[in-house]
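Number of protein chains: 2
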Amino acid sequence: MARKKEYIEEEVIEKAMNLFWRNGYETTSVRMLEKEMGINQFSMYSSFGNKQGVFLESIKCYKKKAKEELFDKLKQSTNGIEAIKEYFYNFIEFSKETRLNKGCLLTNTVNELGEYADTLIMSEIVKFATDVKSHIIEKLETDKQKDSETISKQANYLMVSLQGLSVASKMFEKQQIEDFIESVFENL
Amino acid sequence: MARKKEYIEEEVIEKAMNLFWRNGYETTSVRMLEKEMGINQFSMYSSFGNKQGVFLESIKCYKKKAKEELFDKLKQSTNGIEAIKEYFYNFIEFSKETRLNKGCLLTNTVNELGEYADTLIMSEIVKFATDVKSHIIEKLETDKQKDSETISKQANYLMVSLQGLSVASKMFEKQQIEDFIESVFENL
DNA sequence: TTCAAAACTAAGCAATTGCTTAGTAATAAT
DNA sequence: ATTATTACTAAGCAATTGCTTAGTTTTGAA
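Protein chains in written order, with UniProt numbering: chain Z, 1 to 188; chain G, 1 to 188.
Certain hints may be false.
Copies of the same chain look alike in the list, so a pair counts if it works inside one copy or between any two.
Straight-line C-alpha distance at most 35 Å; calculated DSBU-like pairs for lysine-lysine [unchecked claim]:
| # | residue 1 | residue 2 |
| --- | --- | --- |
| 1 | K153 | K65 |
| 2 | K96 | K127 |
| 3 | K85 | K96 |
Derived by calculation from the structure, the hints in this document are not laboratory data.
Taking the hints into account, I'd like the entire structure generated from these sequences.
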């Protein structure tokens, strides 16, 4: 009855996600998205509603990639704290760009949009952060000697360190980043 | 011979700086600057050339404030590592906004503009980061027992931690931030 | 083969962006 | 008082923003 789409939504969203990741939300225009996704504006709007819709789908795509390449590996690993350290190094690989890294898409976004960010976008970011933290807590809890207060404090410590890693890897060299990761885990 | 300016450049730049700090570079429009600075676009352009010029002057203003409220205090203090910890807490106070903080203006900027940032702006950011690091190294060196390799590694660790603090304080609550600072200094 | 439904192209919309310019008002040495 | 110099107001510039719409093409059930 009706004409078929000439693109696969998941495929073009992955392209959009990568552009947002490299470029940020505000400075990525609909024209740039058009080019990168390889589809017309009409198609974009009919598939995803508006620019924010494209971004929300991009976040979903990012979460999926992060799950596959970061969270699943963390869960599978059995060597406690060392597994979290591996997670830090995996994140650096995950967010690698050219010479410098592109950070975490969601950390970048909260840093760019701040508290004026759209409610929908913000709640997705908060959900993601909660997820990451719970994965870290889960790993910390494999050490039965730690009381819950220690776990909470160490989880906060690691979460903020991870944020630092995300931003710092966008402007610092490899050596400084590795110094940082090693130092973070020296005392746990 | 000629008419007098009806504003003091340093005064209106401080207002511009605060707007950029709260709002970011790209999302701050010339119209918003006009309102905040209380001067006409013509005056803005005749005093500072263009939007980038206003921002570069805002960076100078930020550096001056940071020197007065952060670096000078750090230099004066004599209690080694503890002084750096004080610096971390002072930064939180320095960047306080409403419920959440507004981070470091320069960290925000590098995170927003990335490597595509204007050369002039980027070099100001790098210079600032170098300054901060040298202040930290200077404080670390007061402990004569530390060899230069330890100092370098600890300086990198503290620099990235500071970046993490800047970003994390924009989205995390006070408790998590304080947990982080305490943990950072537990092992030094 | 017909035809309604959906997807395409491309032109165009109002609003906003950074920036400029034409015209007027204030200043102080002459 | 005149005059050259600078600062002001406010209107307007082209370019870009996110988004829409008019018109055409493809599709497959009837």
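Here is how each hint holds up against the structure:
no. : hint          : verdict
1   : K153 with K65 : both (28 Å within a copy, 32 Å between copies)
2   : K96 with K127 : both (24 Å within a copy, 24 Å between copies)
3   : K85 with K96  : both (17 Å within a copy, 31 Å between copies)
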